[in-house]
Amino acid sequence: AQSVTQPDIHITVSEGASLELRCNYSYGATPYLFWYVQSPGQGLQLLLKYFSGDTLVQGIKGFEAEFKRSQSSFNLRKPSVHWSDAAEYFCAVGPGGYQKVTFGIGTKLQVIP
Amino acid sequence: DAGVIQSPRHEVTEMGQEVTLRCKPISGHDYLFWYRQTMMRGLELLIYFNNNVPIDDSGMPEDRFSAKMPNASFSTLKIQPSEPRDSAVYFCASSFEVGQRPSGANVLTFGAGSRLTVL
Numbered sequence: 001a002q003s004v005t006q007p008d009i010h011i012t013v014s015e016g017a018s019l020e021l022r023c024n025y026s027y028g029a030t031p032y033l034f035w036y037v038q039s040p041g042q043g044l045q046l047l048l049k050y051f052s053g054d055t056l057v058q059g060i061k062g063f064e065a066e067f068k069r070s071q072s073s074f075n076l077r078k079p080s081v082h083w084s085d086a087a088e089y090f091c092a093v094g095p096g097g098y099q100k101v102t103f104g105i106g107t108k109l110q111v112i113p
Numbered sequence: 001d002a003g004v005i006q007s008p009r010h011e012v013t014e015m016g017q018e019v020t021l022r023c024k025p026i027s028g029h030d031y032l033f034w035y036r037q038t039m040m041r042g043l044e045l046l047i048y049f050n051n052n053v054p055i056d057d058s059g060m061p062e063d064r065f066s067a068k069m070p071n072a073s074f075s076t077l078k079i080q081p082s083e084p085r086d087s088a089v090y091f092c093a094s095s096f097e098v099g100q101r102p103s104g105a106n107v108l109t110f111g112a113g114s115r116l117t118v119l
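Protein chains in written order, with our numbering: chain A, 1 to 113; chain B, 1 to 119.
Incorrect hints may have been included.
As the list claims (entries may be wrong) - With beta-carbon atoms standing in for the labels, derived distance ranges:
no. : chain 1 : residue 1 : chain 2 : residue 2 : range
1   : A       : Gly16     : B       : Pro70     : 49 to 55 Å
2   : B       : Arg41     : A       : Glu20     : 23 to 29 Å
3   : B       : Pro70     : A       : Pro7      : 30 to 36 Å
Just so you know, the hints here were simulated from the structure itself, not pulled from any lab data.
Heads up, the beta-carbon is just placed ideally off N, CA and C, and yes, glycines get one too.
Produce the entire structure from the sequences given, and follow the hints as far as they go.
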């Protein structure tokens, strides 16, 4: 069965600092991987996705993620965090097509001035 | 497009009452998903539809939960009778299949959610 682990429930960074959110997955084949962001009171919005090809994926809002098969990881990064990035971030894995996408528990990001 | 529209945004009810949550997916999307989000369990898939047909309802917690999709532009999730442990945020999401792999089908567009509180 597929699963996603986000080891950090809560992270605090200073505005302007770099950010890395960790995601490890378990899946038997080549996975489809996603990062979604949820602002307070809102639904989830897709930041980026990995289906195949280049393992470094660019997303919206200046985010990127790198797929590392050997480490079963898909960490999300941003070089300089803005206060508006404060939100909850969800990593997700799926087998492709319309099958179930499994979400991680989420990492809540706090940005301090 | 106005996106995925859910109603009500907030619902407070008493234990034993019937609750109906509604969802209007994005026009042209042929997949619809219902998720439940809680602090303890995170985001759980309850059920999903393809072309209005329920495909997988294995995530529906028990018989008190039911979901329907009578047409391509409307779906309901019903809880009868409701219990305090059903308190959660319920999300509807839709997507579309764009063909062979890689598919766009699991790039989900979420609604803003319905926050349910059962007293």
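inquiry  = Assuming the hint says 30 to 36 Å, is it satisfied by the Cβ distance from Pro70 (chain B) to Pro7 (chain A) or not?
reply    = violated, 42 Å
key: C-beta pair Gly16 (chain A), Pro70 (chain B): status relative to the range 49 to 55 Å that was hinted   = holds, 51 Å
key: Distance restraint hint 23 to 29 Å, applied to the beta-carbon atoms of Arg41 (chain B) and Glu20 (chain A)   = holds, 26 Å
When held up to the earlier numbered hints, the structure conflicts with hint 3 and nothing else.
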